[in-house]
Structure formats: C-alpha cells, structure tokens
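J.: Each chain is listed here by its residues.
There are 2 protein chains.
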Amino acid sequence: MSNVKSSEKRVLTLETPSRLGKEVLLAGWIKTRRDHGKLIFLDLRDRSGIVQLVINPKISQVAYKKAEELKPEYVIKVQGSVKQRPTATINKELDTGSVEIEVENIEIISKAEALPFDIGADVLNLELPTLLDNRSLSLRHPKVSAIFKIQQTLAQSFRKTLKEEGFTEIFVPTLVPTATEGGAEVFPVEYYDHKAYLAQSPQMYKQIMTSIFERVFTIAHAYRAEPSVTTRHLSEYVSLDAEFGFINSWEEIMEWAEKVVLSMIEDVREKNQKELKLFGVTLPEFKKSIPRMKMRDALGIIFKRTKRDHRNEPDLDPADEKEICKWANEECGSPFVFITHYPTKKRPFYTMPDPKDPGYTLSFDLLGVSEEWVTGGQRINDYKMLLGNIKKWGNKPENFQIYLQSFKYGMPPEGGFAMGLERITKDILGLSNIREASLFPRDMERIDERFSAID
Amino acid sequence: MSNVKSSEKRVLTLETPSRLGKEVLLAGWIKTRRDHGKLIFLDLRDRSGIVQLVINPKISQVAYKKAEELKPEYVIKVQGSVKQRPTATINKELDTGSVEIEVENIEIISKAEALPFDIGADVLNLELPTLLDNRSLSLRHPKVSAIFKIQQTLAQSFRKTLKEEGFTEIFVPTLVPTATEGGAEVFPVEYYDHKAYLAQSPQMYKQIMTSIFERVFTIAHAYRAEPSVTTRHLSEYVSLDAEFGFINSWEEIMEWAEKVVLSMIEDVREKNQKELKLFGVTLPEFKKSIPRMKMRDALGIIFKRTKRDHRNEPDLDPADEKEICKWANEECGSPFVFITHYPTKKRPFYTMPDPKDPGYTLSFDLLGVSEEWVTGGQRINDYKMLLGNIKKWGNKPENFQIYLQSFKYGMPPEGGFAMGLERITKDILGLSNIREASLFPRDMERIDERFSAID
Chain A
12 MSNVKSSEKR VLTLETPSRL GKEVLLAGWI KTRRDHGKLI FLDLRDRSGI VQLVINPKIS
72 QVAYKKAEEL KPEYVIKVQG SVKQRPTATI NKELDTGSVE IEVENIEIIS KAEALPFDIG
132 ADVLNLELPT LLDNRSLSLR HPKVSAIFKI QQTLAQSFRK TLKEEGFTEI FVPTLVPTAT
192 EGGAEVFPVE YYDHKAYLAQ SPQMYKQIMT SIFERVFTIA HAYRAEPSVT TRHLSEYVSL
252 DAEFGFINSW EEIMEWAEKV VLSMIEDVRE KNQKELKLFG VTLPEFKKSI PRMKMRDALG
312 IIFKRTKRDH RNEPDLDPAD EKEICKWANE ECGSPFVFIT HYPTKKRPFY TMPDPKDPGY
372 TLSFDLLGVS EEWVTGGQRI NDYKMLLGNI KKWGNKPENF QIYLQSFKYG MPPEGGFAMG
432 LERITKDILG LSNIREASLF PRDMERIDER FSAID
Chain B
12 MSNVKSSEKR VLTLETPSRL GKEVLLAGWI KTRRDHGKLI FLDLRDRSGI VQLVINPKIS
72 QVAYKKAEEL KPEYVIKVQG SVKQRPTATI NKELDTGSVE IEVENIEIIS KAEALPFDIG
132 ADVLNLELPT LLDNRSLSLR HPKVSAIFKI QQTLAQSFRK TLKEEGFTEI FVPTLVPTAT
192 EGGAEVFPVE YYDHKAYLAQ SPQMYKQIMT SIFERVFTIA HAYRAEPSVT TRHLSEYVSL
252 DAEFGFINSW EEIMEWAEKV VLSMIEDVRE KNQKELKLFG VTLPEFKKSI PRMKMRDALG
312 IIFKRTKRDH RNEPDLDPAD EKEICKWANE ECGSPFVFIT HYPTKKRPFY TMPDPKDPGY
372 TLSFDLLGVS EEWVTGGQRI NDYKMLLGNI KKWGNKPENF QIYLQSFKYG MPPEGGFAMG
432 LERITKDILG LSNIREASLF PRDMERIDER FSAID
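Sequence order for the protein chains is A and B.
If you're matching positions, the first sequence starts at 12 in the working numbering and goes up one per residue.
If you're matching positions, the second sequence starts at 12 in the working numbering and goes up one per residue.
Below are the DSS-like pairs computed for lysine-lysine, each with C-alpha atoms no more than 27 Å apart in a straight line: (1) B:LYS206 <-> B:LYS403; (2) B:LYS20 <-> A:LYS171; (3) A:LYS403 <-> B:LYS122; (4) B:LYS282 <-> B:LYS171; (5) A:LYS367 <-> B:LYS20.
Have a look at the derived ranges for each label pair, beta carbon to beta carbon: (6) A:LEU139 <-> B:LYS270: 38 to 44 Å; (7) A:ASP129 <-> B:GLY399: 27 to 33 Å; (8) A:GLU266 <-> B:LEU25: 19 to 25 Å; (9) A:PRO28 <-> B:PRO329: 49 to 55 Å; (10) B:LYS333 <-> A:PRO354: 58 to 64 Å; (11) B:SER29 <-> A:LYS174: 21 to 27 Å; (12) B:GLY441 <-> A:PRO366: 45 to 51 Å; (13) A:LYS407 <-> B:GLY48: 47 to 53 Å; (14) A:ASN444 <-> B:LYS285: 45 to 51 Å; (15) A:GLU266 <-> B:GLY32: 27 to 33 Å; (16) A:ASP204 <-> B:LEU25: 45 to 51 Å; (17) A:GLU266 <-> B:HIS47: 41 to 47 Å; (18) A:ASP204 <-> B:ASP326: 27 to 33 Å; (19) A:PRO366 <-> B:GLN72: 26 to 32 Å.
Read the hints as simulated data drawn from the structure, not as lab findings.
Quick caveat: nothing in here was measured; it's all calculated off a predicted structure.
Cβ atoms here follow ideal geometry from the backbone N, Cα and C, with glycine treated the same way.
Generate the whole structure from the sequences, applying the supplied hints.
T.: Written out as structure tokens, the structure is:
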C-alpha cells in the first residue's frame, strides 16, 4: 500500500534545515492542516519540534490523494525534499521556519478520532478541568509539554550538583509503618493483614542514610492527604531531598540549598530557552547572595509595609511570603530570601531547637519568586533528646525503631533540605495552578478521572 | 572542653596518604578498637573509607585519656599527623594502608550505646532477619553499604545512556485508579472517600508519554502484593522503565535493552572495583551479541539437557531460567539470553500479538547471570484492538480512559522494557536474597519492624 521506503532512516524535523535540497523521511503527528487552493499545508510535530509540509498535486498525485484523508493528530510517515521557503513566508518563530518539505509520499501510521478541542492552536484557551479530563491529549500541546522539559532539567540539575559534591543517591521506601511527620494528613494502605501508610516525605530514611554515606540525596514521591483543594498542593508530589552529616554550622545547610537552587535555575537558563520563550518569562538573576532573616523580623517588615499585623503568628501565610519576596527584590536586589528560626511548635519533632532560644528552631524556608521553594534545617542528632521529642509530639517511640537506631549508635550533627519539584516548576513559569506542573495530578477530586464523573 | 580546632578543614580518610607528614583533621565513626600495651589503635570510618589511628600517651596524654572512653560507633573528630607505617605493618587491602594517624586531639561528637553485634568484623555472620531488625546499624558495614554504591551506579548508568539517546525523563504517579496489570496482587489505598491503588508499574503512563516525547524513561516505585515470601520478590521495588515510539521493528526494542544493560555493567566495572572486590565477583563479559530464542525452543533445549519436560508450560520457572542461562554461556559464550514470544495469555493485555502466530506475543525477557533482568516487548498501538483486549482480559474500559485517549488520538508503533533495580543488583553480586539489595525491604512479614514483633 505504502510508497514510503522504510529502509531509509528517519530524520527529525529539527534536522531538516541542515538537509536543504535533500530527500528526507520524517515521521510524527499532524499538528494542523490548512488547505490553500490546490495546496495542502500540514504542520508535522515530532519530539524535536515542528516543520511545515506542502502537498502539491503537481508533485505527487498519490500523496495529494492520501493527504486529503488526513486530520489533526494522525500519525504519518512522509518522504519529501527539503526546500527553502520564499523569503516572504519564512517563519522566524520556528527553528525550521526557513524550510518546508515538498512531500512525495505519505503513509498513515495511526488514525485519530475527532478531537474534543483544537490542539493545534498556539494557546489552549481551556479551563484546567477540561485540560485534565483530556490529559493525554492536552499534554501534546507544545506549551504544555514544555513544562515537563523544564521539570526534567530541574531534577537532573539537582542530581548533578549533589553528585559532584560526593553525595550518594539512595532509593528509600514510600510504604511506611507510621505517619512520618505526624498529623492526620496521611493515606492508609491495606498492607496484607496490616495497616501501612504512604510516606509524607523520605525524611527519616535520608537521615538514617547520613550515618552510612554522610551525604545523600533522593528524588522520592511524597503523599499528603490534603483535605482541601488549593492551587499549591498535590496529594502526590515529587520531593527533591538532600541530607548531610558533619555540618560545621547550621548555616552551612543554607549555603548548600542556595548552591543547589542557583544551579537549577542556571541549568534551565542554559538548556530551556525555547521552552521559556513560550511562557515569556524571565528567570530570576542572582547578583548577590540571598539575604537571611528571622521569621519574627520578616513579620515585622511585612507589618511596616502593609499594616497587616501577623507579628504574633507562628508562620508566614502565602500573602506574607509574596510580600517578603517583594521586599527582598526591592531592598536587597534578590528575588529570593531565607526566612529562619521558625517556632519549635510549627516544625516537626526532629528539628533542632536554637540553643540560644529553644522556642525557635535552626530551620529555614527559602522563599522564591513568590512562594516557598525549599524547607530545611538542622536535625536533632542526640538520641535521648530525639526520643524525648517523639514522646512530646505525641508519637510512640516503638513506631520509630529503625529510625532511632541510627541515633542510638552514633550520629554526627546533620541537616538537610527538601523541595517540591512541581511547586518550583510552577513558580519558575508563573503557572497559576500546581496541577499544571504535574503530568497526572492527584488531588481529592481526581485520580486521572474526576471522581464526580465516575461515581 | 575540646582541643580540636574546628576552624581547620576536615580531610577525608582516603586523602590521608597524600598528606604524609602533615597535620589533618578527620571525622567519622569508630569501626574497631584494639588495645596493644600502652597504645590504642582505632579504625576510623568515614564516607571515603577507613584509616588507622594510633593513640600514644607519649604523644598526647589528653588524647589518650579521651581515647580510653571510646567504643565502637562513637562519632569523633581527631587531629593528628599522617605518618608512614613501618613496612611490616602496611595493609595492602586498604587504600590508606600505607599510613596511620598519630593522634594529638580527640573530640567525641556522638556516643553509641552497646552494639547488638560486632559491626567491625570483616564479615557479618548473621541471619538476614537479624540484619534487617537492625537495618540502620547493619547498613554501616562496608560490605553492606557497598551493595548500594553499586545500585547507585546501575540507576545512574540507566539514565545516562537513555539521556544521551534523546529520551526525556518523566515523573509519573504511583497512586492509580485501577490495577495496572490486572490481577489481585495490588495494594488498596484509602484515598479520601474513594479507593485507589498502588501502581504495579509505571507502564501505562510511560506509554502515554511516548505520544508526547516519543522516547521516555522513568525510575519509579512499583508495588506488588505478593502473597508469599520468596528470595526474588519485594512488595515495593524500584523499576527502571523505558518506552519509545516509532520503532522500525519489534527487535529494535531488544537492541535498546541490550545497549542499556551492557552500559550498566560496564559502568559498574569502571566505577565499583572496590565494592566488587568485597564480594569477589567477576562481572559478565560480553564478547558477542546476546542470542535470541523463542520460549518454545528454549523449553525444548532444557528438556534435551535435563530431561525436565516443561515443553507445554506457558513460562520458564526459575530453574529453567538458570538452565537456559547456563546453556547460553556454554554454547554461545554469552552470559545473557533473550527469550522471546511468550504466550499471549501469559502477558498483559497491552502486549502485541505476533501477527504470524497470534497465540504468542512480540515480547521478550532478557535473562541474566541466573534470572530475569529485563522484560519488554512491543505494545498494541491500535485503539480498537487495545479496547477489545481490555474487555477480553476482564477489565473495564472506563477505568482506562486517560490511557485509552493516547491511542484514540494517534499513537505510533511503540514498545519498551523494564527492569527491577534490586533484582539486578542481587544478580550482579550473587546475593542469596533480594532483601539484601533493598535499603529497607518491604514484604508481607515486615515494614522496617517484623509484624510478628509488633503485634
């Protein structure tokens, strides 16, 4: 049936400008189709980008006949020659915009049913629920898939920086015997005849592993049974976690967090210009080191600037976070700011209290463009103190035996940090909802399908 | 209290031979202590290895006094000078065996309680349950931690090879609306007011993502509610998954699997000589490409060699796998063998049947040193055929809507493969139980603690 010679090697659309005048074999999805008089124009999408195909019945009657059948998202193979576009029709927005493919043969690889919306448009003007109901389709849109190219860079950069610094990558379980961070926001699992839970973080295991490899990192799934729907929370998210022993001071942890985050941003700047352009965003510039400030002082500044009096609050709310980021930008020329010394009661039981002021902890949040990017701090490494805190926080030590072993048998001063991959992806791109930064977001209303649509 | 100057920069034990004659500041755990007359010898362990400390009261009375308190697994900082060892006492087995540290100051960072067993011994002669009951301690043993250094290399090599070939790394959920692969071996999760499950594999999501990025990989947790305790299964494991579209033939998938696995083994050979030595294992050598053989033919060969007649069985059992690996080694000079064309009924619903013989599939297992390393194959990319199979396998299409969308709207021929990280770690090192290759193994008897010890 087909006239396309399968023995020829497929060329990616991005490679076509370098093959000017040559015959090429391309394969991909039809992004758009436009009929102009006796010519059919197709935009072909593959993993490298998009190129324009021209089907002219004067070049190939057979190809033209076939092209008449074609609809958006059909998967095709085409053979044709790479031609320079007339100057007036050059598309500077497109990597392949100086050429087009004069098609000689077309083979249909896979047909598509009628689409629920136009995926070929430059922007998908659809509500998020519609995008998510049709996730496998909407992800095909270049402006949607670009989000996950950037996400890949962020994760790989995190690993690269830590690997270069002698950190060991570890793989730790997500099925746990008890709620990691305490609290009720945990998913129970029917585990054979027992009850288990989904880990709220890889925290305890990464701490244990500092007593083996000193410096460790992991990219782990974390689960939070958030009882509400917000634009900042997911029920399952990807956590980038680092932990290290033999710290000289707790401030060292902030230095590491700063180093890792700056490298992540620089790697996105280097590798994802094309994707960033789709969003029209400018990445933060770091000309100075990131300022550090106690939480109480931050609340004081916010009060001065906005008259919003949260000075007795134990934490910053989202509006406070935005305000203090704004302050850092305006007053310190820094798009980021470290907020330190959160109250002991607002932090998990393993957080090291400040010896000078034990109502507060040696902990920090790194606030980014407009919200929290990183959370971290020094941990309690004294066995008896940790045991005491587990009890004080209302937990049972017998549920923490494997964890406590590490401290019972000698643990150096240690600390670490964690960040949510989807959250920083969202913040870098200025997305309005964290769900856009998760391939298949989970929340209380949805696992792939909306529950309301199933029940 | 302490005389150790914290302003000096810590040196790793491995760096000491290059600092001969110099003052150094070291930190780590006491692996062993030996008292010889008026001298105390300590082996100090840090993330880079081990070095011998000598505490001589003639050098420092203060240090000697402090050293008398020291016990195994105490965390200490020491200051001392690097001395050449007398020729007779050089330890060639140790990277730092040509030197020892003449200690001037000691600071105790963290004390350890009495150990349940001697962690300083060259080999831990303990039963696996004891090792796992004391996991946070037993992991400190160099021969135990070495397993996870090799595991790190395997995972990082998998990523590196695929990244170089234009694969995109993806992060997909583990909370799923239905049993991925069918069957009963799935863990239910109480998900708000609904029921969810833990993914048996990232299979469906990686397939969906081939319609976005064509070539994708993910390192994902997978969960199997195995109703029995074997030496080869874990309830939670790490799955290395790759998937790619626009395959030219299904054999191409085996070529990719071979390329990836060979790179992993070569990377371990290059980076983990020290760890391999502890196990005395020789890595497989690949002089020829890996032979390929249909399952039915393999069972015929096994029958000929052993008189064990499994020729009508739908699968190879563990003894068959060992035997056919032996055959491949003896007859083809290959430590690995691809077994292809498993029966359609033994493979998941999405497996592409062989058009020439639809009772069998275009699927393969790559059998390694002694068991299955990789499983893979071509997938059904035709929407109607896939829909038909979902029903034929007794599943409800409405549970697979997001998945089916990809096929409804155009999917190229595609396939992929997966391997269990713990299983290949086990097989490379010849470990007798897969639990040894998981930092914190989960099975029906244990999540950290043995259930029998808690109930």
